[in-house]
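J.: Listed below are the residues making up each chain.
Protein chains: 2
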Amino acid sequence: MSYRAPLQDMQFVLNELAGLDKVGALPGCEDATPETVDAVLQENARFCSEVVAPLNVNGDREPSSWKDGEVTTTRGFRQAFQAYAQAGWQGVQHPVEFGGQGLPKLVATPCIEMLNSANLSFALCPMLTDGTIEALMTAGSRAQQETYLARLISGAWTGTMNLTEPQAGSDLALVRTRAEPQGDGTYKLFGTKIFITYGEHDMAANIVHLVLARTADAPAGVKGLSLFIVPKFLVNADGSLGARNDVHCVSIEHKMGIKASPTAVLQFGDHGGAIGNLIGEENRGLEYMFIMMNAARFAVGMQGIALAERAYQKAAHFAKERIQSRDLAGSAGPVAIIHQPDVRRMLMSMRAQTEAARALAYVTAAAHDIALHHADAQVRQEQDAFYEYMVPIVKGWSTELSVDVASTGVQVHGGMGFIEETGAAQYYRDARILPIYEGTTAIQANDLVGRKTVRDGGATAKAILAQVRATTVQLAAAESDSLQAIGRQLALGADALEAAVDYVTGNIKADIKAVFAGSVPYLKLAGIVLGGWQMGRAALAAARRLQDGQGDKRFYQAKIATARFFAEHILPQSAAYRTEIVEGAGSVLALDADQF
Amino acid sequence: MSYRAPLQDMQFVLNELAGLDKVGALPGCEDATPETVDAVLQENARFCSEVVAPLNVNGDREPSSWKDGEVTTTRGFRQAFQAYAQAGWQGVQHPVEFGGQGLPKLVATPCIEMLNSANLSFALCPMLTDGTIEALMTAGSRAQQETYLARLISGAWTGTMNLTEPQAGSDLALVRTRAEPQGDGTYKLFGTKIFITYGEHDMAANIVHLVLARTADAPAGVKGLSLFIVPKFLVNADGSLGARNDVHCVSIEHKMGIKASPTAVLQFGDHGGAIGNLIGEENRGLEYMFIMMNAARFAVGMQGIALAERAYQKAAHFAKERIQSRDLAGSAGPVAIIHQPDVRRMLMSMRAQTEAARALAYVTAAAHDIALHHADAQVRQEQDAFYEYMVPIVKGWSTELSVDVASTGVQVHGGMGFIEETGAAQYYRDARILPIYEGTTAIQANDLVGRKTVRDGGATAKAILAQVRATTVQLAAAESDSLQAIGRQLALGADALEAAVDYVTGNIKADIKAVFAGSVPYLKLAGIVLGGWQMGRAALAAARRLQDGQGDKRFYQAKIATARFFAEHILPQSAAYRTEIVEGAGSVLALDADQF
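Heads up: the protein sequence lines correspond to chains Y and U, in order.
According to our numbering, the first sequence is numbered sequentially starting from -15.
According to our numbering, the second sequence is numbered sequentially starting from -15.
Take the hints with a grain of salt, since some may be wrong.
Put simply, identical chains are the same to the list, so a pair is met inside one copy or across any two.
Said to hold, decoys possible - Calculated lysine-lysine pairs in the DSSO-like style (CA-CA distance at most 30 Å, straight line):
| hint | residue 1 | residue 2 |
| --- | --- | --- |
| 1 | K304 | K493 |
| 2 | K304 | K497 |
| 3 | K207 | K493 |
| 4 | K207 | K172 |
| 5 | K446 | K304 |
| 6 | K172 | K493 |
Everything labelled a hint here was simulated from the structure, so no lab data went into it.
Start from the sequences and build out the full structure, keeping to the hints where you can.
T.: This is the structure in structure tokens:
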């Protein structure tokens, strides 16, 4: 089966949970009218499902390939990317000034989800380009912006992020690539970068590499990293393409999944030096990178949600088609396996986690828009703190659950799931990179503990918890068994999260290792409690609509049932995470390294 | 790195937890002296790590292949299997009368673990042969035993199980393959069987297919299935190979993992009929199949443990070698990532789950030996009930956790884990079949609920829980923080399991679907509580040894720390499972099929 965009759920989340009306009322976001948003989503859904989704299987069976420094992408990708660019999809969230549509992040987010559901490998190229645009918007000079932005936003050129080196993965302090000033304002770069997504391909005329490197006199560690633009083809003063730059793809990786996305090893400067331009100031490269990494991390979180949605759709479709065994409570012949209770449980688990993660991510996107555009500085500051707290959760939690959801999707298919022709296995393989790249879950958890929780003494976390508590009060007051049941589990989850926040802030000075031993459980705990919070809000909104008698009754009933499933099957893990975090550090750290 | 058999942990479990001395004292098990067992394990470890393990990667890169009905296995497999046969490894647990070593299942179990750790794809061939031997021992005629057993036990021939058909996966009632009596005592079989592991290969001279089929007048459903022996080559009266039988491999599957293991589509009777002999009586085929399925399910559970062990070893090795980032509490240069708390947490999680599952499985194997050989009928009956209760848990829980452990293994490797050359990805792909074949986790859970819990009104489950409670009392009484902490969590786990057993037995009549909606959570809950029980027993035994001052002090300390990790990081999930089972059925079943 093909991909069908879950527009009804997306619209529900945009309108009922993420406050699209409020975002559309922000200065600079006025174009995001309900009509425009609806048209954009409809058209994007059509493009993604009709043009991009059918290429997903091809990418797995006929991966992008390397020969003599050139990368040939999967058949169909080049044409699809040109159609993507021509339709203006690369520009949805980018400035009108440079040819974009200037829509808020909240509107771009479902578009990103749809593109990734359709084809994770394909979507990586626009995602990296988004990151490049973001970095140039933030730290690029006016001249750099004028040279590059319009061409990146139109999709004529694409972008990459060059951080990792063989000895420098999660630890960027170990980056060795060096940059030598040439006296004319340019630098020559020398070094090897690995794991460069779309570092070489045939889908666009030029590739704009953003490269972390070190100047000769730079301080050691991450404080000595600078950020450079190194285009594949140099750009003449008139904007036309000049000489081939000295950056070459020496190989691409043989990966378990996302095989259509070429993962390049790039060699800079083997033939005299790759010419680059400094972005912003020397030694501030990591700071600029972080700006774009926040956006990229959010986007990878969206990949997790997108993949989970696609895996869910496939499994649900199979479960309705596959006839096997009788109904437990009936005596007639064999029935579709969706009537088996455990298949139902698996599908509900996939669905509930996907919907919760979607809701949390869209609400986070709205906070970003408000933080950028709101007239009131106090509101901007609050929403920015909310956004910053959420980014590692959206990235870490959504991608971890995508692995679980894709794995469950294989299980729903039984033996057929293990056969490659069926297609469920591709999601399982593709998903596995998501909790790793753009910062592993542990890196996200370190960020959540260090910069996002400890730095303000837990204030942001506690402010969010107060909002969760307000929702539990509303749920408890509702005249509905389901809403009350959701409220009870959410309250228990909030207790667990509060205990974890107290433990983290209270012990970081005395025993930093004990706190970090529970960092990933803390991230996952925050994910399920805050995802559960959104599902609680969703259930309240659905109950209001049912009471009003407006809209699609069965959709709202399903939303309440799904929220209740999340509350009774996912949220109860909160207490287990609390125990791990608060009581479990000693046993994490008890062994010596040589005892493993 | 290569595989190193965890002999120290195996010996600890055999001796301290599974009662090897008591098993060795059973009538018929006298050969299992400590010296013999030690020699068998040492030699098996050497064979598996030196001969079989190096072929594991090859099997993934150069899968078995099909051409014109013939299957060529991965280079090296044929020779390794001949060496395996010549060394007598196929016969470890089979009767001396037919050339086996006649050792108890408890001794065969670590051998099976080692072979599967070394090479899951390779080990499948002996595993299926074990099943064939088991079925013939149970239900074959004396003549059938004399024709086949010695040759299967020597490894000259191999065996298969033919259950699945395109329309009959988990639901064997749908089997259509038919058998027509020829009047001479033989039958002709016609039909298609799929997913037949080692259904065709080049490693042995003959392949003995055991096939479920229907005679013309058989009742509908599973009560009309009979079991037939259909050899690839007919066997002459003198035991020599006769004509090629009409069973042909028309293709093998393109799978996500265990690629060296050929998964055949077998066509029976396309050229006049495949000649088969009935095993036992007509229409009792499923009953015979169940006998061998119990053994096969246990063996697949061992595959889960074996794969988890291998994935753990690889991840631990990588974590000790990979230098990245500073020690959180130190100020020196970058250190091996094993010093990062979250890497430590991941490794402990892999290790603790693997050790717990191993302990539970070996204890289960011992129960099987006692149930077969003990002089006292009452003891035999009790141990048989214990074994029967445990088999679906060993199968379902150990395989589900193997997927989690293999996934965590990829995560420990970071970006390298996603690159196929690293090898961690193979375990992730291979593991995914384990919760599916030989009965999905849901099928195991149905068995656990229906035949193993409800049928005796929860008596066996409660008897086991009483043993768990006895261990919690011992732990609570120990003068050790660690043992007391383990006891506290185990007691909470036992409470949760007891609530689940009460729910299952109390509601099966009133609401069968509600009970089965929680069947897999019940299986997983039983897994962690009973695995945690074994880890509690292990901690008590280790503490005794430490007090005695005997043996390897650091091993015992590590065992207590690992047991405590299990108690504080895995056992706390018990309460969440309890909630799912006892409170969560409504939301599993709330939606209509068309709402998915």
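J.: It remains to establish, for every hint, whether it holds in the given structure.
T.: Okay, the hints, checked on the actual structure:
1. K304 to K493: between (54 Å within a copy, 27 Å between copies)
2. K304 to K497: between (48 Å within a copy, 18 Å between copies)
3. K207 to K493: within (24 Å within a copy, 68 Å between copies)
4. K207 to K172: Classified as within; 20 Å inside a copy, 78 Å across copies.
5. K446 to K304: Classified as neither; 44 Å inside a copy, 38 Å across copies.
6. K172 to K493: Neither. Shortest intra-copy (43 Å) and inter-copy (77 Å) distances fail the 30 Å Cα cut-off.
Figure legend: structure checked against the earlier numbered hints; hints not met, in rising order: 5, 6.
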